[in-house]
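Residue numbers (the numbering used here), protein chains in the order written: chain A, 1 to 130; chain B, 131 to 434.
Among these hints, one or two may not hold up.
Unchecked claim - Computed footprint of chain A on chain B, listed as stretches where at least three residues anywhere in the stretch have a Cβ under 8 Å from a Cβ of chain A:
| id | segment |
| --- | --- |
| 1 | 148–154 |
| 2 | 157–164 |
| 3 | 331–342 |
| 4 | 357–367 |
| 5 | 374–385 |
| 6 | 415–428 |
To be verified - Cross-link-like lysine-lysine pairs, in silico, DSS-like; alpha carbons within 25 Å at most:
| id | chain 1 | residue 1 | chain 2 | residue 2 |
| --- | --- | --- | --- | --- |
| 7 | A | K114 | A | K51 |
| 8 | A | K63 | B | K163 |
| 9 | A | K51 | B | K359 |
| 10 | B | K163 | B | K359 |
| 11 | A | K114 | A | K63 |
| 12 | A | K95 | A | K114 |
| 13 | A | K95 | A | K51 |
| 14 | B | K359 | A | K63 |
| 15 | A | K51 | A | K63 |
Stated by the list, open to error - To give an idea of the interface, some chain B residues facing chain A are shown, with a C-beta separation under 8 Å as derived from the structure:
| id | residue |
| --- | --- |
| 16 | V143 |
| 17 | L179 |
| 18 | S182 |
| 19 | Q250 |
| 20 | D370 |
| 21 | F371 |
Worth flagging that the hints you see were computed from the coordinates, not collected in a lab.
All C-beta atoms in this analysis are idealised placements derived from N, C-alpha and C, irrespective of residue type, glycine included.
The lines below spell out each chain.
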Amino acid sequence: MTSGFWIQFAGSAIAVAILVALAGWASIARAIPPLEIDQARRLMAEEFPDKTIDQLWIADDGKAALARSGDFGLVIYRVGDGLVGRQVPWSAIPKAVAGHLTLSFGDFAAPAIKVAFSGLGAAAYAHAAL
Amino acid sequence: MLTPPFDLVTLAVPFFVLAVILEIGLARFGVTKTNYETRDTLTSLAMGLGRSVPLLLTAGVSFTASVWVYQHRVFTVPFEAWWGWAAIFFLEDLTYYAFHRWSHERRFWWAAHVNHHTSQHYNLSTALRQTWTGGVSGTWLLWLPLAWLGFSPAQIAIQQGISLVYQFWIHTEAIGRMPRWFEAVFNTPSHHRVHHARNPRYLDRNYAGILITWDRMFGTFQPELDDEKCRYGIVKNLGDFNILRVAFHEWVGIGQDLLTARSPRQVWFYMFGPPGWSPDGSRATSASLRARWEAAQGGQETKL
Chain A
1 MTSGFWIQFA
11 GSAIAVAILV
21 ALAGWASIAR
31 AIPPLEIDQA
41 RRLMAEEFPD
51 KTIDQLWIAD
61 DGKAALARSG
71 DFGLVIYRVG
81 DGLVGRQVPW
91 SAIPKAVAGH
101 LTLSFGDFAA
111 PAIKVAFSGL
121 GAAAYAHAAL
Chain B
131 MLTPPFDLVT
141 LAVPFFVLAV
151 ILEIGLARFG
161 VTKTNYETRD
171 TLTSLAMGLG
181 RSVPLLLTAG
191 VSFTASVWVY
201 QHRVFTVPFE
211 AWWGWAAIFF
221 LEDLTYYAFH
231 RWSHERRFWW
241 AAHVNHHTSQ
251 HYNLSTALRQ
261 TWTGGVSGTW
271 LLWLPLAWLG
281 FSPAQIAIQQ
291 GISLVYQFWI
301 HTEAIGRMPR
311 WFEAVFNTPS
321 HHRVHHARNP
331 RYLDRNYAGI
341 LITWDRMFGT
351 FQPELDDEKC
361 RYGIVKNLGD
371 FNILRVAFHE
381 WVGIGQDLLT
391 ARSPRQVWFY
401 MFGPPGWSPD
411 GSRATSASLR
421 ARWEAAQGGQ
431 ETKL
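With the hints as extra help, turn the sequences into a complete structure.
As C-alpha cells, then:
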C-alpha cells in the first residue's frame, strides 16, 4: 500500500468524522416515542405477520415489547431509531431477575438484550407451563 | 490499455461528501423529510471507508485474471471507439443486473452483499455502506466475459466506476419521482427505494444498476406504490451497529448452519440456496414471505 493510499484514507476518515458530527448536530433521526400497546401490536403484526398475539408486555422504558404467541415469544426492540424483531421458543424466555429479562436470540446478528419488564409477572410463566 | 488513466470513484468522493452535506442540510431545515441517525450514519460511512482495504487486497487477483482473459480475447474493441463505449454501457449494465440478482438470490453472494441493505435508513450515506467481502466471494468473475469479448480491463473498470457513481444519487428519499420517461428507462430513487425495502411486496425487486429496463425485461420490476411506504432494512434487522457484525454476520450464519448440516444437499443449500433456506422450511425466504403475503391479500396479487 502506497503512502498516497494512506493519505487518501486519512482524508476520507476526516470527512467521515465531519459528516457524522454533522448528522448528530442536525438531530434528524426519526422520533421514537415510547412504545404503547396499540403501536406495539401494529409493529408486531408487521414483523410477524403469521403470528397471533396472546399476551403482550411493554418494557418499562418503552423501548421493547414482548409477546406470547402460542409456543413462541415475539420480541421487538429499538436499535437507534430503528426496530429489530426476533422470535424464540417461549420455553427459552428466562424468568425475570429483579424485573429484568436477559433475552438471548441464538443469532450472531442480534446479541442478547437486557430489558426491564416489571409487568411480566409469574402468571406469564405459569401460563407458559400449561 | 490495461489500467484506467483515472479512478472515477476516487474522483467522485468530494461530490459524495458535498451531496451528503446537502442532504443533511435540506433535512435539517425542513426542506426534505430525510432522516439520519448518528450511529447508523457512522456505520454506513465506516463501511465505505473500510472497503478500500479489502478491495486493495483482492484487486490484484481480479486485475490479473482480467488481463489474462483479455490476452485470450476473441475480438479487440478499440478504446477510443464510440461504439465500444456504447456497447460496454449496455453489456456492463446487464452484467451488473446479473451480479446483483445473484447477490440477492444465492446466500453465498448475499453474505457479501447484505451489509449494503442493513441500514434501516435510506439516505446518501446508505449508498456508501459497501461490501468488504465482495472480492473474496468472487463476484468479479462475472465481468471476465467482457474482457474475453475484447473490452480492455481499463474500459471495464471505467464503466464499472460510472455505474457505481450513478448509483450513489439514487439512494435518497429527498427526490420523489423523476419525469415519467426517465422512470421508464433509468434506475431512479423511487425504483431503488423499492429495492431497499423489506415489505414482502418489494422483496427481491429492481436489481438494476443504471437501466431499469433489465428488470422490466426479466420480470423483476416493481414500481413504488404511494399507498405502501417502504420499510427499509433486511428481513431480520441487525441488533446493533457493530461494524464487524454488519460486515460478517451472514458469513457467521453460514458457518453455524454448515456445522449442523447432515447431508451434502444441506451443505449445498445452506451455501448456495436462497437466503433463508432451511431443511425443514422453518425459516423464511423472500419467495415464501411473498407467497404468504400474497395469500394474506386473498390471492389478488399476481406474480410479476
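Hint by hint, work out which the structure violates, then give me just those numbers in ascending order. 3
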